[in-house]
Amino acid sequence: MNLHEYQAKQLLAQHGVEVPGGQPCTTDDEARAIAEKLFTDGHEMVVMKIQIHSGGRGKGVFKDGFKGGVHLCKTADDVYEKAKAMLGNTIVTKQTGEAGRQVHTLLVASAEKIVSEFYLAVLLDRDSSQPLIMVSSEGGVDIEEVAETNPDAIVKLKVDPLLGLQAYQARNLAKALGLTGKLIHSGAKLIAGVYKTWWECDASMVEINPLCVVENPDGSQKIAAVDAKISIDGNSLYRHKDIAEMRDLNEEAELEVEASKFDLNYIKLDGNVACLVNGAGLAMATMDAIKHYGGDPANFLDVGGGATKEQVTAAFQIILKDPNVKAILVNIFGGIMNCNTIAEGVVAAAKETHLTLPLVVRLEGNNVEAGRKTLAKSGITLITADCMADAAKKVVSEAAA
Amino acid sequence: MAILVKPDTKVLVQGITGSFGGRHTQLSLEYGSQIVAGVTPGKAGQTFEDQVPIFDSVQEAVQESGATASAIFVPPPFAADAILEAVDAGLELVVAITEGIPVRDMIEVKAALNGSETRLVGPNCPGIVTPGTGENSHGGCRIGISPGYIHKAGDIGVVSRSGTLTYEAVWQLTCNGLGQSTCVGIGGDSVPGSTHLDIIKLFNDDPDTRGIIMIGEIGGSAEEEAAAWIKENCKKPVAGFIAGTTAPPGRRMGHAGAIISGGKGTAEAKIEAMEDAGISVAETPSQMAEALLKIL
Numbered sequence: 001m002n003l004h005e006y007q008a009k010q011l012l013a014q015h016g017v018e019v020p021g022g023q024p025c026t027t028d029d030e031a032r033a034i035a036e037k038l039f040t041d042g043h044e045m046v047v048m049k050i051q052i053h054s055g056g057r058g059k060g061v062f063k064d065g066f067k068g069g070v071h072l073c074k075t076a077d078d079v080y081e082k083a084k085a086m087l088g089n090t091i092v093t094k095q096t097g098e099a100g101r102q103v104h105t106l107l108v109a110s111a112e113k114i115v116s117e118f119y120l121a122v123l124l125d126r127d128s129s130q131p132l133i134m135v136s137s138e139g140g141v142d143i144e145e146v147a148e149t150n151p152d153a154i155v156k157l158k159v160d161p162l163l164g165l166q167a168y169q170a171r172n173l174a175k176a177l178g179l180t181g182k183l184i185h186s187g188a189k190l191i192a193g194v195y196k197t198w199w200e201c202d203a204s205m206v207e208i209n210p211l212c213v214v215e216n217p218d219g220s221q222k223i224a225a226v227d228a229k230i231s232i233d234g235n236s237l238y239r240h241k242d243i244a245e246m247r248d249l250n251e252e253a254e255l256e257v258e259a260s261k262f263d264l265n266y267i268k269l270d271g272n273v274a275c276l277v278n279g280a281g282l283a284m285a286t287m288d289a290i291k292h293y294g295g296d297p298a299n300f301l302d303v304g305g306g307a308t309k310e311q312v313t314a315a316f317q318i319i320l321k322d323p324n325v326k327a328i329l330v331n332i333f334g335g336i337m338n339c340n341t342i343a344e345g346v347v348a349a350a351k352e353t354h355l356t357l358p359l360v361v362r363l364e365g366n367n368v369e370a371g372r373k374t375l376a377k378s379g380i381t382l383i384t385a386d387c388m389a390d391a392a393k394k395v396v397s398e399a400a401a
Numbered sequence: 402m403a404i405l406v407k408p409d410t411k412v413l414v415q416g417i418t419g420s421f422g423g424r425h426t427q428l429s430l431e432y433g434s435q436i437v438a439g440v441t442p443g444k445a446g447q448t449f450e451d452q453v454p455i456f457d458s459v460q461e462a463v464q465e466s467g468a469t470a471s472a473i474f475v476p477p478p479f480a481a482d483a484i485l486e487a488v489d490a491g492l493e494l495v496v497a498i499t500e501g502i503p504v505r506d507m508i509e510v511k512a513a514l515n516g517s518e519t520r521l522v523g524p525n526c527p528g529i530v531t532p533g534t535g536e537n538s539h540g541g542c543r544i545g546i547s548p549g550y551i552h553k554a555g556d557i558g559v560v561s562r563s564g565t566l567t568y569e570a571v572w573q574l575t576c577n578g579l580g581q582s583t584c585v586g587i588g589g590d591s592v593p594g595s596t597h598l599d600i601i602k603l604f605n606d607d608p609d610t611r612g613i614i615m616i617g618e619i620g621g622s623a624e625e626e627a628a629a630w631i632k633e634n635c636k637k638p639v640a641g642f643i644a645g646t647t648a649p650p651g652r653r654m655g656h657a658g659a660i661i662s663g664g665k666g667t668a669e670a671k672i673e674a675m676e677d678a679g680i681s682v683a684e685t686p687s688q689m690a691e692a693l694l695k696i697l
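Note that the protein sequences, when read in sequence, are chains A and B.
Numbering of the first sequence is given in my numbering, commencing with residue 1 and proceeding in unit increments.
Numbering of the second sequence is given in my numbering, commencing with residue 402 and proceeding in unit increments.
Chain A on its own, in the form it takes in the complex (with noise of 0.2 Å):
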């Protein structure tokens, strides 16, 4: 589950990190309000940006043509005409795609005085089952290109995870950052909260991009998290009740919060083909199929391991939302679930939304032969096939019809 830099930067917060001074807000007039109070504490600039699960906000572009998702102010009014034309409007970045996503909420904070930037973030170091915290002393730019470019930047640090982050090891990594002095400490503080937060958080990721030394009023440096991105394991939102509201369902596809209510697993691709599989690797395997006969899938489909009539009919129901799909393709390899359950499953579906579209069965597995008899003597009309490459063939040429 991802979360809005705000709701990031809450967290980091509550876990010691130093972050900007700022508050998130859904109206023009409570933007006002909080840089008001932001230039009343001394602050000569603000900064608003605008709160989607996305990259790429301050070079977006909004549908009415107003440009950037990340604007300086230097005025209370300022702040809020800018409010008043982001809230509600929707912006297209490199990330969003076409349609774009609209604007909700901003986050309205003290715009920092940089003096110098850095990355730093904590995830999953999948060969070895440990944390890892990487550090660059290039920040604000894509770690990827980074790592290409000049991988020498990028320092990592395993941690054992039942001693957890040592004071050295935070020290260290602060030192490679190039950090000196007085900032060798707070740097070392700050990390060593970054990393309480991933592992507290249950996150699956943390990414402070740009880690910044910043100046205060008084001319003295500190360091800070001016951007943050978290995402949360999602298995793990059972004990972290406020997390898990943190939610935001906007920032979802809507067939995708569609499935997930009946715990089936859908992600709408940009193809015509739907398909229907039970399993994740199977699912993704007919996916394959599909492409390698020349088709293109519509969509991810895991029905899950017992699914039931009602959860394979909410499957076509979604899978009939989407206006791309052209052809549907079932597969099931029913090890204990019974394909005859199934293929009544299809049926009940296939009646209840007036199917029309071609509609190609694979059923292999338990009580296939019954299975099989359901759907020949139902009157829909349907095409089934012996296997999977057999079934994508089918599927793929009734596609292109």
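None of these hints come from the bench; they were simulated from the model.
Some hints could be false.
Said to hold, decoys possible - With a straight-line Cα cutoff of 30 Å, these simulated DSBU-like cross-link-like pairs (lysine-lysine) come out: (1) A:K158 x B:K665; (2) A:K59 x B:K665; (3) A:K158 x B:K411; (4) A:K59 x A:K94; (5) A:K156 x B:K407; (6) B:K602 x B:K632; (7) A:K156 x B:K444; (8) B:K695 x A:K291; (9) A:K261 x A:K222; (10) A:K393 x B:K632; (11) A:K175 x B:K695; (12) B:K444 x B:K511.
Note that the structure is a prediction, hence the values are computed from the model and not measured.
Put chain B on the given structure of chain A with help from the hints.
Chain B in isolation, oriented as in the chain A frame:
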């Protein structure tokens, strides 16, 4: 014969009184597996299906029944504790079926397992089957949720991250007259107890395994690691398949571990590494047995 479990392996089930655990324990008993004990704290003295005694702790169950392997069906919030209890009781093999265990719990479990004699398979896996020689492979050892009847006793080892895709491969083998020594589902999570490589090493050392099918999917680099080892060390023919060629980067495809991130874990890279290691990679999921037959 076989790896990890034999038809006479004594198995206990943690979470035997839950509906999921109970149903699959019943199926394992019907398959002829030696399910000798169940564990549900607070339910000692009860019996599962008038046949399997239930204990409060794994240690008691092991002492009374002589079980050497455990199947874990405990719900996610309690699963890590169940695994550690099984490890502490000295079991040789722990198979965690549970789906949805938080990654942090598994990081801790994996660290605690360091240096332990216990082998963990899973979590989020279909389990292990060593087929028996009876009708529809009856009499084998079935730990987990795989359909027993699709198997056939023989000499092909199967290792996979996915459930139904494993059944697909096993069924293709059986239909082609190729039986299996052992089929191991290592699970789709990003912190697995055992990797492809761990299992392939066991197959390589098993005199009764003649050929191997390795099924992988996008995410991580376990398949590449296995391929590199196979290239240098494996004495047996290996066929394989990688699911997820068409998966979009950054999206998690059902399994927690099936995600391409930062340009890593693509199907292309895995297939390339496997072909480089001399592994016969099936072009479509329908040709997994065929790919192996070509090189046997």
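Which of the numbered hints above does this structure break?
When the structure is compared with the hints, numbers 3, 5, 7, 9, 10, 11 turn out to be violated.
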